[in-house]
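Here the protein sequences come in this chain order: A and B.
The numbering used here puts the first sequence at residues 1 to 399.
The numbering used here puts the second sequence at residues 400 to 798.
None of these hints come from the bench; they were simulated from the model.
Be aware that a few hints might be false.
Distance ranges between label pairs, derived from CB positions [unchecked claim]:
hint : chain 1 : residue 1 : chain 2 : residue 2 : range
1    : B       : Ser446    : A       : Ala4      : 40 to 46 Å
2    : A       : Arg120    : B       : Ala543    : 20 to 26 Å
3    : A       : Ala2      : B       : Arg563    : 50 to 56 Å
4    : B       : Ala663    : A       : His335    : 52 to 58 Å
5    : B       : Phe544    : A       : Asn72     : 16 to 22 Å
6    : B       : Arg563    : A       : Ala264    : 41 to 47 Å
7    : A       : Ala377    : B       : Leu470    : 36 to 42 Å
8    : A       : Pro244    : B       : Phe548    : 48 to 54 Å
9    : B       : His517    : A       : Glu18     : 38 to 44 Å
10   : B       : Asp449    : A       : Glu236    : 32 to 38 Å
Over the 10 Å line for every Cβ pair with chain A, so calculated as not near, a few chain B residues [unchecked claim]:
hint : residue
11   : Pro590
12   : Ala606
13   : Leu616
14   : Glu667
15   : Ser689
Keep in mind that this is a model prediction, so the values were computed, not measured.
We put the beta carbon where it would ideally sit given N, CA and C, even for glycine.
There are 2 protein chains.
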Amino acid sequence: MAWALRDRTAIVGIGETEYTKRGGTSHSEMALACEAIRRAVADAGLSLDDVDGLCAYNSDRCTIVEVAQALNLQLRFTNLYPGGGNATTGVVQNAAIAVATGTARVVVCYRAICQGQHLRYGQARSGFGAHSGAAQAYASSSQAFTAPFGLMTPASIYALETRRHMHLYGTTSQQMGLVAVCCYANAQLNPRAVMHGRPLTLEQHQASRMISDPYRLFDCCQESDGACAVVVTSREQARDTPAPAVLIAGAAQGMCHGDGIFRAGRSEELWTSAGMVDVAREVYAAAGISPDEIDVMQIYENFTGQVIMALEDFGLCKRGEGGRYVESGAINWPHGRTPMNTSGGNLAEAYIHGLSLVVEGVRQMRGQSTAQVRDAAHCLVVSGPGAPPSSALILRRGQ
Amino acid sequence: MAWALRDRTAIVGIGETEYTKRGGTSHSEMALACEAIRRAVADAGLSLDDVDGLCAYNSDRCTIVEVAQALNLQLRFTNLYPGGGNATTGVVQNAAIAVATGTARVVVCYRAICQGQHLRYGQARSGFGAHSGAAQAYASSSQAFTAPFGLMTPASIYALETRRHMHLYGTTSQQMGLVAVCCYANAQLNPRAVMHGRPLTLEQHQASRMISDPYRLFDCCQESDGACAVVVTSREQARDTPAPAVLIAGAAQGMCHGDGIFRAGRSEELWTSAGMVDVAREVYAAAGISPDEIDVMQIYENFTGQVIMALEDFGLCKRGEGGRYVESGAINWPHGRTPMNTSGGNLAEAYIHGLSLVVEGVRQMRGQSTAQVRDAAHCLVVSGPGAPPSSALILRRGQ
Numbered sequence: 001m002a003w004a005l006r007d008r009t010a011i012v013g014i015g016e017t018e019y020t021k022r023g024g025t026s027h028s029e030m031a032l033a034c035e036a037i038r039r040a041v042a043d044a045g046l047s048l049d050d051v052d053g054l055c056a057y058n059s060d061r062c063t064i065v066e067v068a069q070a071l072n073l074q075l076r077f078t079n080l081y082p083g084g085g086n087a088t089t090g091v092v093q094n095a096a097i098a099v100a101t102g103t104a105r106v107v108v109c110y111r112a113i114c115q116g117q118h119l120r121y122g123q124a125r126s127g128f129g130a131h132s133g134a135a136q137a138y139a140s141s142s143q144a145f146t147a148p149f150g151l152m153t154p155a156s157i158y159a160l161e162t163r164r165h166m167h168l169y170g171t172t173s174q175q176m177g178l179v180a181v182c183c184y185a186n187a188q189l190n191p192r193a194v195m196h197g198r199p200l201t202l203e204q205h206q207a208s209r210m211i212s213d214p215y216r217l218f219d220c221c222q223e224s225d226g227a228c229a230v231v232v233t234s235r236e237q238a239r240d241t242p243a244p245a246v247l248i249a250g251a252a253q254g255m256c257h258g259d260g261i262f263r264a265g266r267s268e269e270l271w272t273s274a275g276m277v278d279v280a281r282e283v284y285a286a287a288g289i290s291p292d293e294i295d296v297m298q299i300y301e302n303f304t305g306q307v308i309m310a311l312e313d314f315g316l317c318k319r320g321e322g323g324r325y326v327e328s329g330a331i332n333w334p335h336g337r338t339p340m341n342t343s344g345g346n347l348a349e350a351y352i353h354g355l356s357l358v359v360e361g362v363r364q365m366r367g368q369s370t371a372q373v374r375d376a377a378h379c380l381v382v383s384g385p386g387a388p389p390s391s392a393l394i395l396r397r398g399q
Numbered sequence: 400m401a402w403a404l405r406d407r408t409a410i411v412g413i414g415e416t417e418y419t420k421r422g423g424t425s426h427s428e429m430a431l432a433c434e435a436i437r438r439a440v441a442d443a444g445l446s447l448d449d450v451d452g453l454c455a456y457n458s459d460r461c462t463i464v465e466v467a468q469a470l471n472l473q474l475r476f477t478n479l480y481p482g483g484g485n486a487t488t489g490v491v492q493n494a495a496i497a498v499a500t501g502t503a504r505v506v507v508c509y510r511a512i513c514q515g516q517h518l519r520y521g522q523a524r525s526g527f528g529a530h531s532g533a534a535q536a537y538a539s540s541s542q543a544f545t546a547p548f549g550l551m552t553p554a555s556i557y558a559l560e561t562r563r564h565m566h567l568y569g570t571t572s573q574q575m576g577l578v579a580v581c582c583y584a585n586a587q588l589n590p591r592a593v594m595h596g597r598p599l600t601l602e603q604h605q606a607s608r609m610i611s612d613p614y615r616l617f618d619c620c621q622e623s624d625g626a627c628a629v630v631v632t633s634r635e636q637a638r639d640t641p642a643p644a645v646l647i648a649g650a651a652q653g654m655c656h657g658d659g660i661f662r663a664g665r666s667e668e669l670w671t672s673a674g675m676v677d678v679a680r681e682v683y684a685a686a687g688i689s690p691d692e693i694d695v696m697q698i699y700e701n702f703t704g705q706v707i708m709a710l711e712d713f714g715l716c717k718r719g720e721g722g723r724y725v726e727s728g729a730i731n732w733p734h735g736r737t738p739m740n741t742s743g744g745n746l747a748e749a750y751i752h753g754l755s756l757v758v759e760g761v762r763q764m765r766g767q768s769t770a771q772v773r774d775a776a777h778c779l780v781v782s783g784p785g786a787p788p789s790s791a792l793i794l795r796r797g798q
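Produce the complete structure using the sequences and hints provided.
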């Protein structure tokens with residue numbers, strides 16, 4: 001079964017607040033969400049009165065009702081994608097299906113996060129009292145069987161399958177470090193990036209402190225404050241907007257048999273994957289292209305090892321070869337085969353729970369990135385690898 | 400703009416667990432959710448392997464990932480509707496747009512609730528530590544300005560606009576009581592109903608204790624334990640399922656300008672409404688019918704006064720005439736013009752956060768209700784009145 005909406009919807013507006021390190025803003029998450037939405041709508045040449053749909057992450061504390069009330073919106077469609085980083089592109093797909101079915105005309109997807117103000121994802125915590133969907137995932141009953149053994153944070157959970165990947169395929173800490181080095185290099189070109197002006201060498205990566213073996217400090221995404229938003233509408237309406245339309249060529253979401261936060265039920269082969277083999281197959285089928293037609297990609301970095309697994313799942317290289325693929329320079333801008341995370345990504349631009357990767361994908365398709373891939377026609381955007389239900393998106397440059 | 404999916408999708412399976420009073424089950428919410436899903440899928444003549452989508456309420460503690468893992472599902476679509484009773488029909492619409500766009504083939508909507516095991520909606524509580532989306536709505540920052548004045552539960556919040564409705568339009572406590580009497584009468588025919596064998600008279604309603612003026616005990620929905628589920632697929636696929644297909648004729652969702660949990664920004668006229676005037680207009684346009692073509696209706700009873708407001712919003716009577724409409728007997732089975740809540744509804748069957756009203760709507764369109772409306776061709780299902788973002792559904796008997 002193929003997705004029926006190839007190229008029928010488009011992203012016509014992007015908006016971002018200032019991105020800062022955790023604790024770097026004096027504004028509330030709600031104020032940042034509203035600012036990002038206003039900017040995205042203005043970028044689309046629309047007004048808030050045109051907006052009739054909102055899509056958000058279940059883990060966003062800025063509820064749709066409160067955001068709509070604050071902006072005085074009248075809505076026809078409201079939607080949440082279950083989770084956190086895995087929602088990155090899923091919210092865009094949900095907006096697309098709403099627009100394509102006439103459920104709404106102009107849908108804004110947003111994410112605001114201030115880890116300085118509320119929970120920190122990197123901090124071990126007891127589950128109860130968790131006030132976000134993401135926190136609830138870790139706080140669920142299954143935690144009773146894992147927390148006593150030290151699985152208290154995403155870093156410790158994801159470290160297990162990464163160590164197994166190293167064991168099975170010979171993936172090295174240095175190869176993972178090169179993922180971070182790539183992102184930091186791109187961030188040096190991007191004045192919005194929190195790590196702009198702070199380049200990273202492989203030596204610095206190797207010398208950084210251990211967080212959860214094999215993950216060192218620079219293998220882990222940042223904790224940031226900020227918000228961003230994108231505006232989705234129909235291809236027809238996109239003709240009237242000021243910026244070049246960026247088509248939603250394909251989108252897919254889902255989770256494989258037995259998946260879950262601890263992957264206990266996955267097949268052995270998929271245990272050292274991003275759990276996205278099916279989503280990858282479906283997103284390429286939806287867009288009608290193959291992996292070698294991807295010109296640029298934005299891959300959610302929760303941790304560097306999961307990026308390597310995602311490269312394998314999405315067919316950029318074979319299973320087990322992700323580390324060597326990174327080592328070959330294929331992901332590096334400007335000379336690599338398929339430059340990755342051209343804004344600096346979660347590691348070096350900012351961690352806005354991945355939605356900023358969609359924003360950068362749009363910039364690439366508009367030809368406006370600070371690390372622009374020449375003549376890029378297709379951008380793959382991959383949500384949080386390893387966190388079900390996963391999602392992915394292929395953007396196409398408009399005509 | 401009209402919804403483009405009229406009659407293109409169908410509900411082909413329904414499933415329910417036993418319904419009991421709060422504290423009446425020894426099973427967990429998760430076990431009940433799985434049981435309801437299994438029954439709905441079996442009712443549709445399908446297997447769990449056919450299911451590739453799940454839609455849930457944001458306020459359900461049974462997360463999609465955990466449910467999918469427990470049932471070993473492989474999913475292409477996962478979705479949450481933001482809220483509680485307002486999600487009742489919104490989850491079905493979300494399933495329908497997923498199916499119609501080829502995002503998934505067979506989507507199950509479910510709700511499990513055991514107020515005996517976790518929070519009780521009727522109990523005043525401090526907001527922080529709230530572990531559900533619904534609780535979060537009351538726990539949001541706005542509570543700081545209202546809790547000190549006693550707005551601590553849904554009953555006290557909804558009582559305000561109801562008292563205003565009484566002041567403006569002469570609506571009486573007796574008229575509200577007749578909503579409950581209607582639901583209890585229908586429950587006497589329904590062996591699944593918690594209140595089966597416990598009929599209610601208007602005198603008993605009037606003598607019941609005050610919860611939050613003007614709301615007495617019998618004006619308020621029950622606190623129940625149970626789960627239910629419905630299966631949505633395409634009209635084409637519905638031809639192969641054993642039960643008569645019930646078409647999703649129309650669906651709509653949304654919230655009006657300035658709406659919110661305390662309605663502070665609504666226009667004065669809408670303040671004593673269910674906030675669903677726009678949703679009503681859109682759901683009728685989507686289905687291509689008018690209010691007088693509704694043969695039977697299931698209207699979410701959070702409180703009896705909100706039902707009266709919903710009858711007005713959905714054009715069963717004029718603004719301000721809802722009380723007298725109820726008094727006329729128009730909602731009573733079998734002789735009323737448009738029988739309502741034929742299973743007993745939230746008041747007298749069980750409070751499964753409204754999804755049981757969708758199940759009863761399907762039964763009516765199949766001709767299988769215990770209070771069957773003869774030759775019923777259209778059933779209106781209205782989600783929690785007054786709670787944004789609202790949603791509504793019109794079901795049509797299949798050919």
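Now the hints, each set against the structure:
no.	hint	result
1	B:Ser446 / A:Ala4: 40 to 46 Å	25 Å, violated
2	A:Arg120 / B:Ala543: 20 to 26 Å	24 Å, holds
3	A:Ala2 / B:Arg563: 50 to 56 Å	52 Å, holds
4	B:Ala663 / A:His335: 52 to 58 Å	57 Å, holds
5	B:Phe544 / A:Asn72: 16 to 22 Å	19 Å, holds
6	B:Arg563 / A:Ala264: 41 to 47 Å	53 Å, violated
7	A:Ala377 / B:Leu470: 36 to 42 Å	40 Å, holds
8	A:Pro244 / B:Phe548: 48 to 54 Å	52 Å, holds
9	B:His517 / A:Glu18: 38 to 44 Å	39 Å, holds
10	B:Asp449 / A:Glu236: 32 to 38 Å	35 Å, holds
11	Pro590	33 Å, holds
12	Ala606	37 Å, holds
13	Leu616	29 Å, holds
14	Glu667	16 Å, holds
15	Ser689	20 Å, holds
Checked against the numbered hints listed earlier, the structure breaks hints 1, 6; every other hint is satisfied.
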